[in-house]
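Colleague: As you go down the protein sequences, you meet chains A and B in turn.
In terms of this note's numbering, the first sequence is numbered consecutively and its last residue is 379.
In terms of this note's numbering, the second sequence is numbered consecutively and its last residue is 368.
Where hints are given, some of them may not hold.
Said to hold, decoys possible - Straight-line C-alpha distance at most 20 Å; calculated SDA-like pairs for lysine to any residue:
1) Lys264/B to Gly77/A
2) Lys265/B to Asp100/A
3) Lys46/B to Thr336/A
4) Lys325/A to Leu274/A
5) Lys45/B to Thr336/A
6) Lys120/A to Phe99/A
7) Lys264/B to Ala115/A
8) Lys264/B to Ile118/A
9) Lys46/B to Tyr278/A
10) Lys265/B to Thr336/A
11) Lys264/B to Thr73/A
12) Lys264/B to Pro98/A
13) Lys265/B to Glu105/A
14) Lys276/A to Pro93/B
15) Lys264/B to Ile72/A
16) Lys325/A to Lys46/B
17) Lys241/B to Pro93/B
Calculated directly from the structure, the hints in this document are not laboratory data.
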Amino acid sequence: MKVTFPHMGNTWIVIQALLENLSVDYVVPPLNSKETLTIGTQLSPESFCLPLKLNLGNFVQAAALGADTALITGGVGPCRFGYYGEMERQILQEAGYPFDVITLEPPDGSLIGLAERIRKLAGEKNTWNRIVKAMLFAYRKSLVLDQIEDLFHGFRPRIQSPTQVDRLYEETKRRLVQAMTDQGLKDVLNWLKDVMQQSLADYVDCMEENPLRIAVVGEIYTILEPFISMDVEKELGNLGAVVDRSIYLSGWVGEHVFRGLVQGYRPLRPYYTLAKPYLNHFVGGHARETIGATVKYAQEGYEGIVQLLPLGCMPEIVASAILPKIQEDYGIPIMTLTVDEHTGRAGIQTRLEAFVDLLERSRHNLTAINEGVLELAGR
Amino acid sequence: MRLGFPRALMYYEYYPFWAGFFYKLGIELVTSPSTNREIMEMGLKKAADETCLPVKILVGHLMALRDVEGIFLPRLVSMEENTYLCPKILGLPESVLYAIPEQEIYTLDVNWREGKREVLKSLLAFRTRIGRTKSQIREGFAEAQRWQKAYRRMRNAGWSFEESMECFETLAEPLKLKDLGFSRERSHRQKTADFEDGWLLDQGDITDSLEKKPRIALVGHSYLTYESYANMNLVQRLREKAQVLVVENVEATPIELQQSHLQKKIFWSHAKKIYGAGSYYVEDPEIDGLIYLSCFGCGTDSMTNDLLARRARQNQKPYLVLTLDEHTGEAGLVTRIEAFLDMLERRDDYESNLSSYGEHMDRHSSFT
Chain A
1 MKVTFPHMGN TWIVIQALLE NLSVDYVVPP LNSKETLTIG TQLSPESFCL PLKLNLGNFV
61 QAAALGADTA LITGGVGPCR FGYYGEMERQ ILQEAGYPFD VITLEPPDGS LIGLAERIRK
121 LAGEKNTWNR IVKAMLFAYR KSLVLDQIED LFHGFRPRIQ SPTQVDRLYE ETKRRLVQAM
181 TDQGLKDVLN WLKDVMQQSL ADYVDCMEEN PLRIAVVGEI YTILEPFISM DVEKELGNLG
241 AVVDRSIYLS GWVGEHVFRG LVQGYRPLRP YYTLAKPYLN HFVGGHARET IGATVKYAQE
301 GYEGIVQLLP LGCMPEIVAS AILPKIQEDY GIPIMTLTVD EHTGRAGIQT RLEAFVDLLE
361 RSRHNLTAIN EGVLELAGR
Chain B
1 MRLGFPRALM YYEYYPFWAG FFYKLGIELV TSPSTNREIM EMGLKKAADE TCLPVKILVG
61 HLMALRDVEG IFLPRLVSME ENTYLCPKIL GLPESVLYAI PEQEIYTLDV NWREGKREVL
121 KSLLAFRTRI GRTKSQIREG FAEAQRWQKA YRRMRNAGWS FEESMECFET LAEPLKLKDL
181 GFSRERSHRQ KTADFEDGWL LDQGDITDSL EKKPRIALVG HSYLTYESYA NMNLVQRLRE
241 KAQVLVVENV EATPIELQQS HLQKKIFWSH AKKIYGAGSY YVEDPEIDGL IYLSCFGCGT
301 DSMTNDLLAR RARQNQKPYL VLTLDEHTGE AGLVTRIEAF LDMLERRDDY ESNLSSYGEH
361 MDRHSSFT
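Working from the sequences, and respecting the hints, build out all of it.
Modeller: In structure tokens form, the structure reads like this:
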């Protein structure tokens, strides 16, 4: 049995730590690329949502490296993600990749079934004690990963050289992958903070005092996976905006894997309360989180919101129909970006640049905006 | 009190329930007119552009409901155990409010997932909105279930969708008829001749006379199958040339049994039903072919369609997918149906006896 798993941004670092600690034989599929997407698009139904296409690509590429078992989480919410496991099994089977798919969820609500699946994944050699320990360590690693990503959100717009930031980001990730103890995790964070402080000191003269603040909200896969969002966070950072994101990995893990027992880096709970006036019921996926987060960022004084969703994402379509109401109530500009396999980098870039331009202009012309668009145009 | 009810989406399956409920409470439930060009255009103009066709049509219907005190638009969460409805339906009242800002909306959550008691609780909480007492609500709920059951029985007994809905609407709206006609006696009712043959499958004589006609299963959401404006009278068109069976003709038990082909049960109420029925028809040797009626942007269809297509391939059953959207042209639809029917006919005559030289390819055209 050689296990593989789909990519979602930097999640692989965490899953790798988990499988490593359980001494499971595993393969990390090659990072998402054009080729991954091409393979996935060929195999999957045309109108299925984008994450499935990339997952299939990941599995096929991992199969070339010897993988025969796919690990994926599930769910029985109304979002299509909950049914990925069975869809992928059937599609791969028909395409000639007889994968064994382990869906980490309680089958028909039975916890014993879940335990059996974990047992199957971990093998007989691991004690339950060790399995729990490995899971908790992976969770702590995801917390550190989220902290690192958030540090870069603040760091990037203040440094004038994007390549320098990219290099530091890659180096940090490399160090994080190797850190397999709690002390190691702490060291990575401390090292990164030191380096960042030094670099910031170099740029202190030309630093923007009060950079734009833009929040990225939307469907979790799209906002966590830079390949498919065309590096939205990075682009916004390079344009000089401090970015925040509605969902971080550990927040999602805390809510969905640990059932809310732990809160994670950006807990999802507060979003549900904030979303209430606009959407009073869950609709699956992350629609409620998107709406709640938009309200939160609007209240915190963020200047713009970017909503990201894959084409045809059912929950986010519901959210995007409600967002204009929030835009009206709080007077915060919201831009919705839909991505699919045909999305071009230049298209997204242009729209982000235009969005940032608009936000910057509205800062200088606050009074003019309040008077109305016509007055602004007349100046 | 007059409440408006849009003739879209959930109307096609659950109208009798709400008709019965409000009938008992003495509230008039006014249904919007059948979809027409104006309604469709209003919907397309106002609805979020990324959403699916049925929701766009719903927005049109909501806007077409005038002269009512309010619009009744419940949030249907789940219709049976362990399932949900699709996210777009779950988000319903909120995600279409922008289209009808000046209308009063009456809404409540309907969740059969937790059983009958939860639904009743939700209805009881709703009573203050419509000013009724607890006991009245209880009676209304019982009546609603009776009407829904009656609808199922009518459909199983061979009544067409249009006939049965007409019956419920006359009851609910002008409050004319007093009793439900469960019996098959329909002499006092005028029936629409066009819709007869396909539905009266339980009557032997008609089946005999139609022996030559192929039997086709039309699977898809009820709000597409019976939305005769959007699907350009597909059901009627098919009936002219074939016997048509639909999802509603399959009982609950075989639908449940068909789930065993899957390692994980489908957790959407409608998708489960569509998959179960479609898969049942795939196995049925009496059925000559399947037509899947889907619409652009339907999330659950992208799955059930793929699962059913695979089942059909494995069982060598002819399978056609028709995808509707607001740009669907009539000629395109007709051409594809005709080609499909021709293929069925040809398959019947020459199956596995196809000459590689083109001989006997087609009885209509001759190869030289």
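Colleague: Each hint should be assessed against the structure and marked as holding or not.
Modeller: Now the hints, each set against the structure:
| no. | hint | verdict |
| --- | --- | --- |
| 1 | Lys264/B to Gly77/A | 13 Å, holds |
| 2 | Lys265/B to Asp100/A | 17 Å, holds |
| 3 | Lys46/B to Thr336/A | 17 Å, holds |
| 4 | Lys325/A to Leu274/A | 14 Å, holds |
| 5 | Lys45/B to Thr336/A | 19 Å, holds |
| 6 | Lys120/A to Phe99/A | 15 Å, holds |
| 7 | Lys264/B to Ala115/A | 17 Å, holds |
| 8 | Lys264/B to Ile118/A | 17 Å, holds |
| 9 | Lys46/B to Tyr278/A | 19 Å, holds |
| 10 | Lys265/B to Thr336/A | 33 Å, violated |
| 11 | Lys264/B to Thr73/A | 13 Å, holds |
| 12 | Lys264/B to Pro98/A | 17 Å, holds |
| 13 | Lys265/B to Glu105/A | 13 Å, holds |
| 14 | Lys276/A to Pro93/B | 13 Å, holds |
| 15 | Lys264/B to Ile72/A | 14 Å, holds |
| 16 | Lys325/A to Lys46/B | 14 Å, holds |
| 17 | Lys241/B to Pro93/B | 40 Å, violated |
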